[in-house]
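**Q** Same order as they appear, the protein sequences are chains A, B and C.
Going letter by letter, the first sequence gives residues 18 to 446 in this note's numbering.
Going letter by letter, the second sequence gives residues 272 to 459 in this note's numbering.
Going letter by letter, the third sequence gives residues 22 to 304 in this note's numbering.
The hints are simulated quantities; they were obtained by calculation from the structure and are not laboratory data.
Check the hints yourself; a few may be wrong.
Over 12 Å on every C-beta distance to chain A, these chain C residues come out as not near it, computed from the model [said to hold, decoys possible]:
| # | residue |
| --- | --- |
| 1 | Pro153 |
| 2 | Asn165 |
| 3 | Thr176 |
| 4 | Thr260 |
| 5 | Phe281 |
Ranges between beta-carbon positions, derived for each pair [as the list claims (entries may be wrong)]:
| # | chain 1 | residue 1 | chain 2 | residue 2 | range |
| --- | --- | --- | --- | --- | --- |
| 6 | C | Thr211 | A | Asn211 | 43 to 51 Å |
| 7 | B | Ala301 | C | Leu276 | 34 to 42 Å |
| 8 | A | Val372 | C | Leu82 | 31 to 39 Å |
| 9 | C | Asn166 | B | Ala447 | 49 to 57 Å |
Ideal placement from N, C-alpha and C gives every residue a C-beta, glycine not left out.
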Amino acid sequence: MSFPWAKQYEPTNPVMKFLDEKLPLPRLVFNAVGAGYPVPRNLSYMWNFGVLAGFCLVLQIVTGVVLAMHYAANDAVAFNSVEHIMRDVNWGWLMRYAHANGASFFFVVIYLHLFRGFFYSSYKAPREMVWLIGVVIFLLMMATGFMGYVLPWGQMSFWGAKVITGLFGAIPVVGEPLQIWLLGGYAPDNAALNRFFSLHFLLPFVIAGCVILHIWALHIPGSSNPTGVEVKSESDTLPFHPYYTAKDGFGLGVALIIYMAFVFFMPNALGHPDNYIPANPLSTPAHIVPEWYFWPFYAILRAFTFDFILPAKLWGVLAMFSAILVWFFLPWLDKSPVRSGHYRPLFRKFFWLLVVDMLILFWLGGAAAEEPYVMFSQIATAYYFLHFLVILPIISSIERPEPLPFSITEAVLGEDDKAVLGDNAKPAA
Amino acid sequence: MATTTDTAFTDAAAEGGVRRRDFIEIAAVATAGVGGLIAVLPLVSQMAPSKDVLAESTTELDITSLEAGQSIKAVFRKQPVFVRHLTPAEMQAADAVPVDDLRDPQTLAERTIVGHENILVVMGVCTHLGCVPLGAAEGENKGEFGGYFCPCHGSHYDTAARIRKGPAPKNLEVPAYEFTSDTTLVIG
Amino acid sequence: MIRLVGILVGLGFTFVVLLAFAFGFANWASDDTPPTAESVFHLAPKHVEFEHDGLFPSWDLAQLQRGYQVYKEVCSACHSLNQIAFRNLSELGYNEDEVKAEAANWVVPGVDPNTGEASTRPGTPTDNFPRPYANDVAARAANNNAIPPDLSLMTKARHHGPAYVYSLLTGYQEPSAELLASYPEAAPATGLHHNPYFANLNLAMAPPLTADGQVTYADGTEASIDQMAQDVAAFLTWTAEPSLVERKRAGWPVLGFLLFATILAWLAKKQVWANAKPKRKED
Numbered sequence: 018m019s020f021p022w023a024k025q026y027e028p029t030n031p032v033m034k035f036l037d038e039k040l041p042l043p044r045l046v047f048n049a050v051g052a053g054y055p056v057p058r059n060l061s062y063m064w065n066f067g068v069l070a071g072f073c074l075v076l077q078i079v080t081g082v083v084l085a086m087h088y089a090a091n092d093a094v095a096f097n098s099v100e101h102i103m104r105d106v107n108w109g110w111l112m113r114y115a116h117a118n119g120a121s122f123f124f125v126v127i128y129l130h131l132f133r134g135f136f137y138s139s140y141k142a143p144r145e146m147v148w149l150i151g152v153v154i155f156l157l158m159m160a161t162g163f164m165g166y167v168l169p170w171g172q173m174s175f176w177g178a179k180v181i182t183g184l185f186g187a188i189p190v191v192g193e194p195l196q197i198w199l200l201g202g203y204a205p206d207n208a209a210l211n212r213f214f215s216l217h218f219l220l221p222f223v224i225a226g227c228v229i230l231h232i233w234a235l236h237i238p239g240s241s242n243p244t245g246v247e248v249k250s251e252s253d254t255l256p257f258h259p260y261y262t263a264k265d266g267f268g269l270g271v272a273l274i275i276y277m278a279f280v281f282f283m284p285n286a287l288g289h290p291d292n293y294i295p296a297n298p299l300s301t302p303a304h305i306v307p308e309w310y311f312w313p314f315y316a317i318l319r320a321f322t323f324d325f326i327l328p329a330k331l332w333g334v335l336a337m338f339s340a341i342l343v344w345f346f347l348p349w350l351d352k353s354p355v356r357s358g359h360y361r362p363l364f365r366k367f368f369w370l371l372v373v374d375m376l377i378l379f380w381l382g383g384a385a386a387e388e389p390y391v392m393f394s395q396i397a398t399a400y401y402f403l404h405f406l407v408i409l410p411i412i413s414s415i416e417r418p419e420p421l422p423f424s425i426t427e428a429v430l431g432e433d434d435k436a437v438l439g440d441n442a443k444p445a446a
Numbered sequence: 272m273a274t275t276t277d278t279a280f281t282d283a284a285a286e287g288g289v290r291r292r293d294f295i296e297i298a299a300v301a302t303a304g305v306g307g308l309i310a311v312l313p314l315v316s317q318m319a320p321s322k323d324v325l326a327e328s329t330t331e332l333d334i335t336s337l338e339a340g341q342s343i344k345a346v347f348r349k350q351p352v353f354v355r356h357l358t359p360a361e362m363q364a365a366d367a368v369p370v371d372d373l374r375d376p377q378t379l380a381e382r383t384i385v386g387h388e389n390i391l392v393v394m395g396v397c398t399h400l401g402c403v404p405l406g407a408a409e410g411e412n413k414g415e416f417g418g419y420f421c422p423c424h425g426s427h428y429d430t431a432a433r434i435r436k437g438p439a440p441k442n443l444e445v446p447a448y449e450f451t452s453d454t455t456l457v458i459g
Numbered sequence: 022m023i024r025l026v027g028i029l030v031g032l033g034f035t036f037v038v039l040l041a042f043a044f045g046f047a048n049w050a051s052d053d054t055p056p057t058a059e060s061v062f063h064l065a066p067k068h069v070e071f072e073h074d075g076l077f078p079s080w081d082l083a084q085l086q087r088g089y090q091v092y093k094e095v096c097s098a099c100h101s102l103n104q105i106a107f108r109n110l111s112e113l114g115y116n117e118d119e120v121k122a123e124a125a126n127w128v129v130p131g132v133d134p135n136t137g138e139a140s141t142r143p144g145t146p147t148d149n150f151p152r153p154y155a156n157d158v159a160a161r162a163a164n165n166n167a168i169p170p171d172l173s174l175m176t177k178a179r180h181h182g183p184a185y186v187y188s189l190l191t192g193y194q195e196p197s198a199e200l201l202a203s204y205p206e207a208a209p210a211t212g213l214h215h216n217p218y219f220a221n222l223n224l225a226m227a228p229p230l231t232a233d234g235q236v237t238y239a240d241g242t243e244a245s246i247d248q249m250a251q252d253v254a255a256f257l258t259w260t261a262e263p264s265l266v267e268r269k270r271a272g273w274p275v276l277g278f279l280l281f282a283t284i285l286a287w288l289a290k291k292q293v294w295a296n297a298k299p300k301r302k303e304d
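Next comes chain A alone, as it looks inside the complex (with noise of 0.2 Å):
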């Protein structure tokens, strides 16, 4: 698809052949995810994450069909027919175990695969629209994840989705009667119970459509590289299968023994106590929190209690909604030509301090809503809009990039016979 010495694909097999001229499907994989994908031939494990997604993914659909054969969502019933998955259903506890805590496996992988993409500026040129498909399927892997979150309808399922409709509630005007549309009631009631069910099976399908795109805009530039430097030649490149394959498989390895013991010797580390109480509209937890991939986001929301101009809770929705946001944005705001972290000195810095940032705020969306967590929070969401909207910009302006290797060959050997020969030996665009 991508550069002109791909592999073609040619079966033998006279089946695959058959198959190929009626309906390429075989033709299609083996240049999606086969021999037929040159990649760079330096890439690091931190590439893994994109297969282990996918994978995620199917985990999900799969556990959650099967879920879905014995739950009831239906607010008098749906409580105890999660306890009937985990008591009576064959191997039901294991499916809902292997359900809860493989969506917490999804997001720890969706957060390290960001994160490589801000490091090595995976959002750059002529990469946008991988990078912008990518926080839509973000967008909507919260999306389905909190509705998710509300099926078992615990105490905290009750009252995450009061909080969260309750967010509509703050936009002027329309907020109050269109959060009262949102929940098909005034509280979180069997109306909203059911859509949320309806839209947690739906939307998986619906990412799995922003996969493929987010898949098909990525082969035609190619796969990113930890140089950042684009490929130049068949030497930079290795055939997706067996190289990465190989290397993918070994990996999916490593996370599933992780992931298996969560499942298996602490399922409910990740989860809240509080969400094994039935839900009572009449009682409040002491304190509510989201599950643990919403916290970042929920400190931001939660650090904005100033009433300037707007009230305090509309400048929480629009801070929390806007932290995602400024990502779609990052292609025009982070203009420095050089792609990888590993030679931008400044940014480099800016980039663990950023990390540093989310680990706190990560911290603090499940801390208490109390002094001094608040502060601490504030400091923290200021940092986080600072480095997204004003320090890259800047030092993509001002920073002075090291020097970057003349191919991905020169950077993996060290040397390259096309570098003498090249009249180009300078830093790639």
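We have chain A already, so just place chains B and C on it with the hints.
**A** Just chains B and C now, kept in the frame of chain A:
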């Protein structure tokens, strides 16, 4: 994918050292395959009846008040089951039929338990297409042979609930049951 | 242009959040509200060990049976066990006849077969444990306006559940002089009972286990308060997750298999990549 795996092995072959390489790669792919198959087991097993369904797979009935000529309808595994206390006349009518003439040859004795030949327990599921036959409740059509009549396609069953006329291929099924006392019946 | 707008938006959010910080800090610095009684006197659950703890667990069936006896004779007067059916008792080591007999000891709601009126009947193995109160209103009315929660999932619905249940049951005590001196309002109000293991120090439940020997154990174990509390905590761990032991035992072969597969995958990856020397271009 068969073709794509081939390329790995041809690359390997070109370098020599074919055997060991092949072995490890085949072992790794085979192990992943085995793992995938193991993962499928719970996915298949979860569709089998759950523990609460299995726990309700027997039905206990008290037939103390069931008089000769009366029937009761009970539920066994979410399906109707008919228990009929046969009158001597009904038993005689059933025994009078030449067994060899029947579509599904069975005597009344074969369809009841020794010592309780007057208690006939059958599934209320027509063997044609699964409708519930009439005849178990007071005043229902018992068909031409005084047993059960299926209104869907007109199958007539006699007093031993054997098929006598109509499209059904078999007699009404007798479920596994036993008497735990003279008046207590456990089905299943 | 995008960068200029971005910088302005970024500075805007930063300004507002820092403004909030400034006011928050000023409030916090001038705030001399003393810490609450709960934040000072609430205790973390005591340490207690069970056979179903850890990575290689098993159920202590004798203890679960004793715990069931405590639930039946003490807790069940006020607390339901909605998720559990009598048939589940077979997992505690009772045989089929014992389960049947035990179920028949309980009275469950039923329907009079002749009149259709609501009535009661003896339990059968497929029935769930009956609720002590017909509805929440009745539960409130009988318990000083506090609904006794369902116990089936109690140990999963609290942090450190089994230890929490054990600590709460053995933790009733008179409020310390120190507590009353600094927080006179923390003394238990009428109908409340002081317990430092309860989140807000005072709960509506009267001490349920009041005397050694309150229950006479069938297996002859001495029924001290401590023993009864441990036994019922173990029983409630089982009710909350009957598959707990099965789950952890299933985990080891799974992890073992994955480790083996991953090592193979590592070796295969090394083999494949041994082949990855760059081919030089001839031109």
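**Q** Each hint should be assessed against the structure and marked as holding or not.
**A** Each hint, compared with the structure:
With a minimum CB-CB distance of about 17 Å to chain A, Pro153 (chain C) clears the 12 Å threshold, and the non-interface call stands. The non-interface label for Asn165 (chain C) is consistent with chain A: the shortest C-beta to C-beta separation is roughly 16 Å, beyond 12 Å. The Cβ of Thr176 (chain C) sits about 9 Å from the closest Cβ of chain A, inside the 12 Å cut-off, so the non-interface label is violated. Separation of Thr260 (chain C) from chain A is inadequate, the least Cβ-Cβ distance of about 10 Å not exceeding the 12 Å criterion.
Once the 12 Å rule is applied to beta carbons, Phe281 (chain C) is inconsistent with being away from chain A; the minimum gap is 9 Å. Thr211 (chain C) and Asn211 (chain A) have their C-beta atoms about 44 Å apart, which keeps the hinted 43 to 51 Å range intact. Distance hint check for Ala301 (chain B) and Leu276 (chain C): the Cβ-Cβ separation is about 20 Å, which falls outside the suggested range of 34 to 42 Å. Val372 (chain A) and Leu82 (chain C) have their C-beta atoms about 50 Å apart, which leaves the hinted 31 to 39 Å range violated.
Here the CB-CB span from Asn166 (chain C) to Ala447 (chain B) is close to 54 Å, well matched to the stated 49 to 57 Å.
Violated hints, listed in ascending order, are 3, 4, 5, 7 and 8; each of the other numbered hints is respected by the structure.
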